[in-house]
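Colleague: Sequence:
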Amino acid sequence: MMSLGRATKIAVILILLAFSLTISNFIVPQANVSKAQDEDGQGFTVGNIRDDYEVYLSEYKNAPRPQESINISATDFIDANPTVEVVTGLGNTPAKAVKTGEEGYIEWDVNIETAGLYNIKIEYYPIQGRGSSIERELWINGRLPFFGASHLTFSRIWADEGDVKQDNRGNDIRPSQIEAPRWQWSYLWDYMGYYNEPYYFYFKAGKNTVRLVSVKEPMAIKSITIEQAPKSLPYEQIAAAYEQQGYKNYEGKPIKIQGEDAYLKSDPTLYPLNDRASPTTEPYDPSKIRLNTIGGYRWNLPGQWIMWEIDVPEDGLYRLAFKVRQNMVRGSFSNRRLLIDEKVPFDEAGDLKFEYKNDWVMYELTKNAQPCLFYLTKGKHEVKLEVTLGDLAEIIRTIESSLYQLNEAYRKIIMVTTPTPDPYRDYQLDLQIPDVIKELDKQGNIIDEMAQQLIAYTGQRGSQSAILYRLSYQLKDMARRPDRIPRMLNDFKTNIGSLGTWILSAREQPLEIDYIWLGSPTKQLPEVGTSLGQKALHETRALIASFTEDYNSVGNVYGGEALKVWIQTGRDQAQVLKQIIDDTFTPQTGVPVNLELVQPGTLLPAVVANIGPDVALQLGISDPVNFATRHAAIDLTQFDEFDEVAKRFHDSALVPYEFNDGVFALPETQSFPMLFYRTDILDELNLQVPQTWQNVFNILPVIQKNHMDFGIPISTTQTPGAGMTSFTMFLYQMGGKLYKEDGIATALDEEEAIEAFKMWTELYVNYKFPVQYDFANRFRIGEMPIGIADYQTYNFLSVFAPEIRGLWDFAPVPGTEKLDGSIDRSVPSGGTAAMMVRGVKDKNAAWEFLKWWTSTETQERFGREMESLLGAAGRYPTANIEALEKLPWPVKDYKNLMAQWQWVKGNPEVPGGYFTPRHLDNAFREVIYSGEDPRETILDYVRVINDEITNKRIEFGLPTLEDLKDKTGR
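Residue 62 is where the sequence shown starts when you use this note's numbering, and the numbers rise one by one after that.
Everything labelled a hint here was simulated from the structure, so no lab data went into it. Yeah, the Cβ is synthetic: ideal placement off N, Cα and C, and Gly gets one too. Hints may be right or wrong, so weigh each one.
[Stated by the list, open to error] In silico DMTMM-like pairs for lysine to aspartate or glutamate, Cα to Cα no more than 20 Å straight-line:
{"id": "1", "residue 1": "K439", "residue 2": "E375"}
{"id": "2", "residue 1": "K283", "residue 2": "D137"}
{"id": "3", "residue 1": "K441", "residue 2": "E312"}
{"id": "4", "residue 1": "K414", "residue 2": "E569"}
{"id": "5", "residue 1": "K956", "residue 2": "E297"}
{"id": "6", "residue 1": "K798", "residue 2": "D982"}
{"id": "7", "residue 1": "K499", "residue 2": "E510"}
{"id": "8", "residue 1": "K902", "residue 2": "E622"}
{"id": "9", "residue 1": "K268", "residue 2": "E174"}
{"id": "10", "residue 1": "K801", "residue 2": "E811"}
{"id": "11", "residue 1": "K953", "residue 2": "E943"}
{"id": "12", "residue 1": "K625", "residue 2": "D228"}
{"id": "13", "residue 1": "K309", "residue 2": "E297"}
{"id": "14", "residue 1": "K503", "residue 2": "D170"}
{"id": "15", "residue 1": "K829", "residue 2": "D483"}
{"id": "16", "residue 1": "K314", "residue 2": "E343"}
{"id": "17", "residue 1": "K625", "residue 2": "D643"}
{"id": "18", "residue 1": "K912", "residue 2": "E943"}
{"id": "19", "residue 1": "K798", "residue 2": "E705"}
{"id": "20", "residue 1": "K314", "residue 2": "E370"}
{"id": "21", "residue 1": "K268", "residue 2": "E168"}
{"id": "22", "residue 1": "K317", "residue 2": "E588"}
{"id": "23", "residue 1": "K317", "residue 2": "D224"}
{"id": "24", "residue 1": "K404", "residue 2": "D376"}
{"id": "25", "residue 1": "K537", "residue 2": "E500"}
{"id": "26", "residue 1": "K829", "residue 2": "D885"}
{"id": "27", "residue 1": "K283", "residue 2": "D170"}
{"id": "28", "residue 1": "K554", "residue 2": "D496"}
{"id": "29", "residue 1": "K956", "residue 2": "D885"}
{"id": "30", "residue 1": "K554", "residue 2": "D770"}
{"id": "31", "residue 1": "K947", "residue 2": "E163"}
{"id": "32", "residue 1": "K439", "residue 2": "D496"}
[Said to hold, decoys possible] Across the chosen pairs, the derived CB separations fall in these ranges:
{"id": "33", "residue 1": "E702", "residue 2": "A667", "range": "22 to 30 Å"}
{"id": "34", "residue 1": "K439", "residue 2": "Q298", "range": "35 to 43 Å"}
{"id": "35", "residue 1": "D701", "residue 2": "T645", "range": "53 to 61 Å"}
{"id": "36", "residue 1": "P661", "residue 2": "K503", "range": "45 to 53 Å"}
Construct the complete structure from the given sequences, taking the supplied hints into account.
Modeller: Have a look at this one:
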């Protein structure tokens, strides 16, 4: 028996060891940094990349801003990799230019006489690519000067494809957006719009090098100019110049340009819109779709612009006004920069503010209560309105910088307290992390000051300033009483999330335009208000129309033997598809198509009642086999060219639609998991992106020691089916399968499946992976710096997490290392399908439609059109391999997707298979929450799953496992 003295000594040692481990848990990594490496391994290094441009300017605050202008011909480059092409004739100009691709770099020498800060202007031509904005990095003398220089954006130019047409019911059809490239100049600006002037770059005297590194999309470059961007004069000086020049007022008839007749635009989302809310909108119809406005909530991000071409009848001074509606940003303004012929005519025109009004108003720029006039010469002129943040830019920029610091502070706090601290424990945070406590107080004061500036900007206290004041008060309270931080931590996290949402909403600057008015300074502006009588008549006519118009059908409606197609998604998707059908499919095949928008769940009752469609689109992944077992779907392998059509997809995309040696649908979309990770946090923790699950287990102690998590999703009410995705990832990597031959029984009783289930559950039992979490939010805030999620999460983060742009990436998931050293990265997939329905009148016509719909050309156009409608958040996960290549993915990200896609496997769908994910989740919960044995638990549920599969196979007249045993004697 151990002596009491020895036991006491051991206890003391264990206590000291536990204390040392606890102290090690409190070790806080160095402040997060972002490094852009140059050729010598050096680059900018700052504590907060959101402040780094201001830090950069402060370093050169005494540097002059010389007035010299240095022009570099693009063809005089000194280095390029890969080799670039020198071309002529682009944009109908004979000048030489250099074509730069999606990857690589090009570099020039430039001699500067006077050292100082300069703006940079590039003359470029947007070569046809994937349809997204062009992105480049700028390096000067082998260094990336600041973070913003790694995200320089050059807009493409878009236009309507022809005039607005009408369908056979009298509704306007939205024109497709096509590229209309031309040569244009662009200064280098902050891509977020946080600065109201172009970037300044420091050049030393003598020889300098300028390098452009391709990030996304190709473009041609004609020249680079290093100079000072011109400054606009105030209107008073411009007006005095008018008088001095003796300019006369225009006295002719007013000129009206409809907003929807835009000449060019920076974004394909800026297409004509339909407004039926007001009877004063031009043109107006209470029941039909009339494309009569442009802009709205789609025209809301800094840098987006719309341009109109105006034919001016004579030289003179004109009054310029816009009929606008800004009814989306309550308590604030929408900001625009006005340019005429690509120049801001005077200083005030660079900062137009459109205040909140619920109805249409006429807006014009005034000075001292008098309209500002514009001198225009006879002929065509271009009027451009560009979204800016105006005076809000500094406020948002400062708040985003604070958000970055607060995320950092939160991570450092949870490294000590964990995300769920004991509210009654004193963690001595003022001793453990004193710098963080000081930072909380500092940021509280900054946010308080920004709240005051916001009130001064808007002229009122509102919900936007209330969010800032609430967080400011909390930060000061936390700094004043650090012992209360554990009790306030959850509210602190919530308020940080609210601040991120505040930034997103504050950046939005929507504005809708009905028309532009150009007229005599002596004429009155049009009256655009809506009277009570007009409103009453409008509502009455609209009510009557609701009984006579068919709003379920989309586009042209045909009688006779038209192909009937149902789609279950939104009206935007249906309208895009119908337009493509009428543009290409019907003219090419002569087959008329009636497309109807229906609610999910209506298809099966309709088929049973023999009133269903010929083709159904956007079906869930389990629907085709469910219909096939009921003889309600058509086997597509009977058609010619099926094998050729199937080559458009990975084999995995067809697996869920196979049944009894047939294929009962074609895949439309296919998505799969990827590994998302925060580059800044992994760098901070000195961790590499894991390639195998052993690598994951190796980095877990570091991640968890700092009270962060690795995310692998399981099924919840918000993420149904996620558990099946995670489990089958391990199952396939271990060489297992879900079902035995022909789906006659589950294969979850095989050794590979049992081992996969054990490994899956061990992640949550032994390694304490979180069971419930919001990946996007925890990823943004840094609590979960690495995790597995569907690749479409990329779209969400790109749009809704701008504060971490450049701080995250994605890669193929960790895999299982095989005996030969190879890594198996198998993952399952999800998706939607297109199916030919029982009772189809013309099978050949329906087959032609399915071939057309899943073709590369159609899928590419549909994907681009959807992104035009919804922005990057609506990027379409097409199952067509060639079509995905043509969608606007950056090259690096596309290569990552391709690397993972080759490992994707499809989950077979079988009768009764719906029991598999259900009881897999049940088995998981019994192991996790009740401590049951994984092997025994999954084997218990195998019997339940097999019973349901057998029952369903008996119901549908299919051989069962018992039949197989009787036949084989086993």
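Colleague: It remains to establish, for every hint, whether it holds in the given structure.
Modeller: Quick rundown of the hints versus the structure:
1. Taken as a hint, the K439 and E375 pair is honoured in the structure, with Cα atoms around 4 Å apart against an allowance of 20 Å.
2. Note on K283 and D137: the hinted pairing holds, with a Cα-Cα distance of about 10 Å set against a maximum of 20 Å.
3. Straight-line distance between C-alpha atoms of K441 and E312 comes to about 18 Å, which keeps the hinted pair within the 20 Å bound.
4. Only pairs whose Cα atoms come within 20 Å are accepted, and K414 paired with E569 is accepted, the gap being roughly 13 Å.
5. Proximity of K956 to E297 is assessed by CA-CA distance (about 55 Å); at most 20 Å being required, the pair is judged violated.
6. Taking the CA atoms of K798 and D982, the gap is near 17 Å; set against the 20 Å cutoff, the hint holds.
7. A hinted pair counts as satisfied when its Cα atoms are at most 20 Å apart, and K499 with E510 qualifies at roughly 17 Å.
8. Our distance criterion of 20 Å between C-alpha atoms is met by K902 and E622, whose separation comes to about 8 Å.
9. Straight-line distance between C-alpha atoms of K268 and E174 comes to about 9 Å, which keeps the hinted pair within the 20 Å bound.
10. Restraint check for K801 and E811: satisfied, since their Cα atoms lie roughly 10 Å apart, inside the 20 Å limit.
11. Between K953 and E943 the CA atoms are separated by roughly 17 Å; this keeps the pair inside 20 Å, and the hint holds.
12. With a CA separation close to 17 Å, the supplied pair K625 and D228 stays within the 20 Å bound.
13. The straight-line distance between the Cα atoms of K309 and E297 is roughly 17 Å, inside the 20 Å bound, and the hint therefore holds.
14. For the given pair, K503 sits about 44 Å from D170 by alpha-carbon distance, which is inconsistent with the 20 Å threshold.
15. The suggested pairing of K829 with D483 holds, with an alpha-carbon distance near 18 Å, which does not exceed 20 Å.
16. A C-alpha spacing of about 19 Å is found between K314 and E343, which places the hinted pair at or below 20 Å, so the restraint holds.
17. For the hint linking K625 to D643, the alpha-carbon distance of about 14 Å falls within 20 Å, and the restraint holds.
18. For the proposed pair K912 and E943, the alpha carbon gap of about 15 Å is at most 20 Å, so the pair holds.
19. The hinted pair formed by K798 and E705 fails the criterion: a straight-line CA distance of about 27 Å is larger than 20 Å.
20. In summary, the hint linking K314 to E370 is supported, as the alpha carbons are separated by about 18 Å, within the 20 Å threshold.
21. Distance restraint check for K268 and E168: the Cα-Cα separation of roughly 13 Å lies within the 20 Å cut-off, and the hinted pair is therefore satisfied.
22. As the CA atoms of K317 and E588 are separated by approximately 14 Å, the hinted pair is consistent with the 20 Å bound.
23. For the suggested pair K317 and D224, the alpha carbons sit about 18 Å apart, so the restraint of at most 20 Å is met.
24. Straight-line distance between C-alpha atoms of K404 and D376 comes to about 18 Å, which keeps the hinted pair within the 20 Å bound.
25. Of the supplied pair hints, the one linking K537 and E500 holds, its CA atoms being roughly 10 Å apart against a limit of 20 Å.
26. Note on K829 and D885: the hinted pairing is violated, with a Cα-Cα distance of about 24 Å set against a maximum of 20 Å.
27. Under the criterion of a C-alpha separation no larger than 20 Å, the hint pairing K283 with D170 is consistent with the structure, at around 15 Å.
28. At roughly 19 Å between alpha-carbon atoms, K554 and D496 fall within 20 Å of each other, so this suggested pair holds.
29. Distance restraint check for K956 and D885: the Cα-Cα separation of roughly 18 Å lies within the 20 Å cut-off, and the hinted pair is therefore satisfied.
30. Our distance criterion of 20 Å between C-alpha atoms is met by K554 and D770, whose separation comes to about 16 Å.
31. At roughly 13 Å between alpha-carbon atoms, K947 and E163 fall within 20 Å of each other, so this suggested pair holds.
32. Proposed proximity of K439 and D496 is contradicted: the alpha carbons are some 64 Å apart, above 20 Å.
33. As the Cβ distance of E702 to A667 is approximately 29 Å, the hint placing it in 22 to 30 Å holds.
34. Between K439 and Q298 the C-beta distance comes to about 25 Å, which lies outside the given range of 35 to 43 Å.
35. As the Cβ distance of D701 to T645 is approximately 21 Å, the hint placing it in 53 to 61 Å is violated.
36. At about 51 Å, the CB distance of P661 to K503 agrees with the hint of 45 to 53 Å.
Violated hints, listed in ascending order, are 5, 14, 19, 26, 32, 34 and 35; each of the other numbered hints is respected by the structure.
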